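> Each chain is listed here by its residues.
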Amino acid sequence: MSKQKNYIALHDTGVIPKLSPELMLMKGKAAAYCFEECGFNDRQTLRISGCFDDSLGVEWNSLSEIDRNSFSDNQESTEWGAEAIAFIVINQLTDFDVISRSYKSTGFDYTLQKKDCSLFQGEIAKLEVSGILKLRRDGDLMTRIKQKIKQATKSHQDIPLYVVVTAFSGSETGVHYVEGN
Amino acid sequence: MLKEIESIHNQAMDLIEQAQVLRFKGERDKSNSIMLEAFEKEKAAADSLKLQDIEPSRSILYRSAASIAYELGMNIEAERLLCQGLAGNPPVWVANELRDLYENVTQSRHLEVHGVHLSDEEFQMSFAGGLTGYGISPLEEFTERVDAVRRIMQRTAQRKMYKGEYRIKIPKEIRTKFPTFVSVPRAASFAITFKIAIPDEQLKVFEELPKGELISEVMDCIELYEKNELKKLEEKISSDQYFSNFSGLIDKVLPDGENVSLVGFTYNKDNEEKAVSLRKTREKLEITNIKEQDSPNILLGLNTGDEVVLKGILQVADRSIDVPLIKINSNGILYRVLVPEGQIDDVVRPLWDKSVIIKGTKQHKKTIQMDKIQESED
Chain F
1011 MSKQKNYIAL
1021 HDTGVIPKLS
1031 PELMLMKGKA
1041 AAYCFEECGF
1051 NDRQTLRISG
1061 CFDDSLGVEW
1071 NSLSEIDRNS
1081 FSDNQESTEW
1091 GAEAIAFIVI
1101 NQLTDFDVIS
1111 RSYKSTGFDY
1121 TLQKKDCSLF
1131 QGEIAKLEVS
1141 GILKLRRDGD
1151 LMTRIKQKIK
1161 QATKSHQDIP
1171 LYVVVTAFSG
1181 SETGVHYVEG
1191 N
Chain W
85 MLKEIESIHN
95 QAMDLIEQAQ
105 VLRFKGERDK
115 SNSIMLEAFE
125 KEKAAADSLK
135 LQDIEPSRSI
145 LYRSAASIAY
155 ELGMNIEAER
165 LLCQGLAGNP
175 PVWVANELRD
185 LYENVTQSRH
195 LEVHGVHLSD
205 EEFQMSFAGG
215 LTGYGISPLE
225 EFTERVDAVR
235 RIMQRTAQRK
245 MYKGEYRIKI
255 PKEIRTKFPT
265 FVSVPRAASF
275 AITFKIAIPD
285 EQLKVFEELP
295 KGELISEVMD
305 CIELYEKNEL
315 KKLEEKISSD
325 QYFSNFSGLI
335 DKVLPDGENV
345 SLVGFTYNKD
355 NEEKAVSLRK
365 TREKLEITNI
375 KEQDSPNILL
385 GLNTGDEVVL
395 KGILQVADRS
405 IDVPLIKINS
415 NGILYRVLVP
425 EGQIDDVVRP
435 LWDKSVIIKG
445 TKQHKKTIQM
455 DKIQESED
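These protein sequence lines are chains F and W, in that order.
Per this note's numbering, residue 1011 is the first one in the first sequence, and the count goes up by one each step.
Per this note's numbering, residue 85 is the first one in the second sequence, and the count goes up by one each step.
Next up, chain W with everything else stripped away, as it sits in the complex (with noise of 0.2 Å):
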């Protein structure tokens, strides 16, 4: 029997095979009928196994038949197989494995709006993970995120009004004609409502760049930082200082992975309800580089070009060259940070006088051109 279902696995892993090199190709559609397909055999070989205790064989089918169908947005039929998989006798790695994607299933359903219609002003952000209960979350993994998404939208509104034009701080004119309010936060597992406008405005006939589609160019943006396909996103934002800005700003807007597994947003395109979700983890910056010499000075022994990572109080700012310029102080010694133009005001200046810690590369003697950077836990 082992060998009839196999020649079934082994079928739906070859259809997988051919749905991936499709999808490479470019060929989504027919990639995603083809994975059907896979789904139905592997789905078949599964259920063979239901009622019987072969492990991990009987498990692992149902976990694999499960992520096909998550893939395919069938979270429904995932959810099901997920919990067959379960109530069977998994060893406790492939146990771990069917609870993880059980939790990625299920948080989906926080992207759906309860209660609550959605104008095309308005979108709505929804976090869910270890410390985001329903309709609870920590106070500064909600408010930094807030902040990071209110900058990213008021930074694309200027991006399409200004024609890619940058400019260190926000114009008035665009705080004036977008500005932001939030609703109050309600479970879900925990969500608010984003508003692009003033709550009663009512002309919109004239409008330069409808909040719509704003909206919309901010959710395409992040839709695209989530599949990696950064090449897509450097090419439609279409400058160096918007497209760094947007980089700086997502990077505060995203799951940790500890305490929030995922950031939803779900808005309202075409009439139509759609959802975008981030679940990448943002890379937690670490100090890896000490290495034990005779100057505290890191940057010794590294060439030009080399990756830094240092940690230190972000102290000083230096205006006086056109290169936005930052000083940190990392026991005792000064380096200067030569700061990506579109990061300065809206990712470096709310963290001054704090503990950070950058990466970067090594430019001269004391000087670093920075890449990243975020607050310091300790």
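If we strip away everything but chain F, and leave its shape as in the complex, we get (with noise of 0.2 Å):
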């Protein structure tokens, strides 16, 4: 089921080809970030639990001062974190591998959409993700997972829907889907 490699770097632009390097790199950074403040260093393990029982492995250069500054607002680097581990989860364990980017007022929205297709045409799925920098109690992962699918399955109903979820502190990214109807 795995296509993984050993250790997946952060600093890899080139993971998600269809982002840009330069997003892909603060993303990346972002995630760094959120390891580090948690205490890990240079490379970690994910347990990938949910839809999957997997593991992925991650590693990073060592941040600047510079960039420890940029990312010391929690609550966007955790969103940004997050949001490189999902990208970095779904393109190595799913069928979808390509990520569309369309804009939101919230900010990006990721359709996922299977390799070759153009344009949204083919077979579509959503992207939502959330990241927990540190967990306060054991359940907080399960929680904020079920809090997005019920955000999420709202208004997409009718598509299918990938939550992925990293909790950074416990190094473990819950990924459920749900079937569209």
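Source of the hints: derived by calculation from the structure; they are not laboratory data.
Note that the coordinates shown come from a computational prediction; the quantities given were computed from them, not determined experimentally.
Beta carbons: idealized from backbone N, C-alpha and C, even for Gly.
Heads up, some of the hints might be wrong.
[Said to hold, decoys possible] In silico negatives: residues of chain W with every beta carbon more than 10 Å from chain F:
| hint | residue |
| --- | --- |
| 1 | 98 |
| 2 | 104 |
| 3 | 108 |
| 4 | 114 |
| 5 | 148 |
| 6 | 152 |
| 7 | 181 |
| 8 | 293 |
| 9 | 296 |
| 10 | 297 |
| 11 | 320 |
| 12 | 399 |
| 13 | 458 |
[Unchecked claim] Derived CB-CB ranges, DEER-like:
| hint | chain 1 | residue 1 | chain 2 | residue 2 | range |
| --- | --- | --- | --- | --- | --- |
| 14 | W | 433 | F | 1127 | 56 to 62 Å |
| 15 | F | 1086 | W | 449 | 21 to 27 Å |
| 16 | W | 416 | F | 1076 | 54 to 60 Å |
| 17 | F | 1170 | W | 113 | 37 to 43 Å |
| 18 | W | 248 | F | 1084 | 54 to 60 Å |
| 19 | W | 363 | F | 1063 | 23 to 29 Å |
| 20 | F | 1084 | W | 95 | 28 to 34 Å |
| 21 | F | 1149 | W | 449 | 35 to 41 Å |
| 22 | W | 449 | F | 1157 | 29 to 35 Å |
Each chain sits in its own coordinate frame; assemble them with the hints.
Now the structure itself:
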């Protein structure tokens, strides 16, 4: 099932071809910042739970002081970091390995589509992402996943949905798949 | 043809990514000008499919272009693009998103002031949403928010006048110097005017704190809160008690996302009409930590510092210790709840003897440090 490499570099801007290298680098650095904030250095193995039972190794270059300062807004950094992990997880573990972008007032809206499809044609799915920097209780990850599913299925009932939530302190990513009607 | 359109769309998205990075670095003007460039490209991509029935591409591109226009404050353009999107054959999920965005775009009109001139001592508060119609609003949605805004104004006046010194009760001097009057509600969808002055007050020359400055200060705080710039807000307020007071009160003003989806404020600053809107929805506290255990005390088994959500009747206030403390009766157990000083009078007191839900962290065996409190719906 897994096409996983040993460790995927968060600073590798070519991991997701559809995203611009500059933004992928920023999101990758945000993920590295979140791991470092949780006391991890250089590399970490994430447990992938939910509809997968797998693991994913990620590594990163230690962040400079300047980088650390730019990511000091924990909430935004956690969101960006979680996006970087979600893109990698989706690309590594699902058939939906291309991410299309469109814009929404809350930021980017990511639509997953199969390879070789253009402009939202062909089989598509939605991607909802969320991140938790530090878990406070055991059930936090599952609670967040349930919240995201509830929120996303309000408007996306007729297409499949992936919900990917990363808890950085617990080194765990929950992936849930909701079939469309 | 699709490849060409996709190429234009990708250029637009690349520009937006650049704009996001610039915004992250704090270069807002540069970011906006790149967003505008992105908008032109995304609109061109969408318009290329205007007469084609290629879905969901057509409607997604219109939604995306409209979102950029909305973010840039180009509401009329956004409205037009959303209508174009809906005029095609969008799949249900895209149509829902188009409608949601249309609602947000048109809500901005509720902030307009119709037929009323706002003076420097006045501001308009308006509501829109599910149960709030044109000129009509459920009473409880209205009164609770009006009272919270009144308290925010007076607490801000107190903070400015007393140079950050906090007092649990709003001093009489503040209540006298900054009285609050509200106008008859009007249709806008539902709006009232607040006046922070005695109606016929003329003498403004020696004002210690000009009313316009006070209103501006409150609106700036509300805007920072809406943008989630909490660190900046904390620095601006620069007092733990006042920050906690503001956080507790603004929670009562926030839209609930169902009956009220927008609370807007319109005011004058430097002879220019300005608007701030709250779209962020209030976190609804829910009991999630119920588990089967021998003891009814829900704190047993939790560590100090663990988050806890508790429902019960707010019964007693204990003033015998330095820290404000209340007691909550939940299933026959009396929990001690430490309340932030800034919230005891304005946020907690109105809920005495009512069924409430509190969110906080465990301190001791039966003691919780309160973070948030809400009246329970049942």
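> Give a verdict on every hint.
Quick rundown of the hints versus the structure:
1. Annotated as non-interface, residue 98 of chain W brings its C-beta within 10 Å of a C-beta of chain F; the closest such distance is 5 Å.
2. Not every beta carbon of chain F lies more than 10 Å from that of residue 104 of chain W, the smallest distance being close to 7 Å; the non-interface claim is violated.
3. Some Cβ of chain F comes within 10 Å of the Cβ of residue 108 of chain W; the nearest lies about 7 Å off, and the non-interface call is violated.
4. Every beta carbon of chain F lies more than 10 Å from that of residue 114 of chain W, the smallest distance being close to 14 Å; the non-interface claim holds.
5. With a least beta-carbon separation of about 4 Å from chain F, residue 148 of chain W fails to lie farther than 10 Å from that chain, contradicting its non-interface assignment.
6. Distance to chain F contradicts residue 152 of chain W as a non-interface residue, since its nearest Cβ pair spans about 5 Å, not more than 10 Å.
7. The beta carbon of residue 181 of chain W is not kept farther than 10 Å from every beta carbon of chain F, the shortest such distance being approximately 6 Å.
8. At the 10 Å boundary, the C-beta of residue 293 of chain W stays outside the reach of chain F, the nearest C-beta of that chain being 32 Å off.
9. No beta-carbon of chain F is positioned within 10 Å of the beta-carbon of residue 296 of chain W; the least distance is around 31 Å.
10. Listed as outside the interface, residue 297 of chain W is consistent with that label: its C-beta sits roughly 29 Å from the nearest C-beta of chain F, beyond the 10 Å cut-off.
11. Interface exclusion of residue 320 of chain W from chain F stands, the closest Cβ pair being 16 Å apart, more than 10 Å.
12. With a cut of 10 Å on Cβ distances, residue 399 of chain W stays outside the contact zone with chain F, its closest approach being about 27 Å.
13. Every CB of chain F lies more than 10 Å from the CB of residue 458 of chain W, the least distance being 17 Å, so the non-interface label holds.
14. As the Cβ distance of residue 433 of chain W to residue 1127 of chain F is approximately 59 Å, the hint placing it in 56 to 62 Å holds.
15. Evaluation of the 21 to 27 Å hint for residue 1086 of chain F and residue 449 of chain W yields a failure: the beta carbon distance comes to about 38 Å.
16. Against the hinted window of 54 to 60 Å, the Cβ-Cβ separation of residue 416 of chain W and residue 1076 of chain F comes to about 56 Å, which satisfies the hint.
17. The hint said 37 to 43 Å for the Cβ distance between residue 1170 of chain F and residue 113 of chain W, and at roughly 40 Å that hint holds.
18. A C-beta distance of roughly 26 Å is found between residue 248 of chain W and residue 1084 of chain F, which places it outside the suggested range of 54 to 60 Å.
19. The beta-carbon spacing between residue 363 of chain W and residue 1063 of chain F, approximately 39 Å, falls outside the hinted interval of 23 to 29 Å.
20. The supplied range of 28 to 34 Å is met by residue 1084 of chain F and residue 95 of chain W, whose beta-carbon atoms lie about 33 Å from each other.
21. Separation of residue 1149 of chain F from residue 449 of chain W is about 22 Å and departs from the stated range, judged on CB atoms against 35 to 41 Å.
22. A C-beta distance of roughly 30 Å is found between residue 449 of chain W and residue 1157 of chain F, which places it inside the suggested range of 29 to 35 Å.
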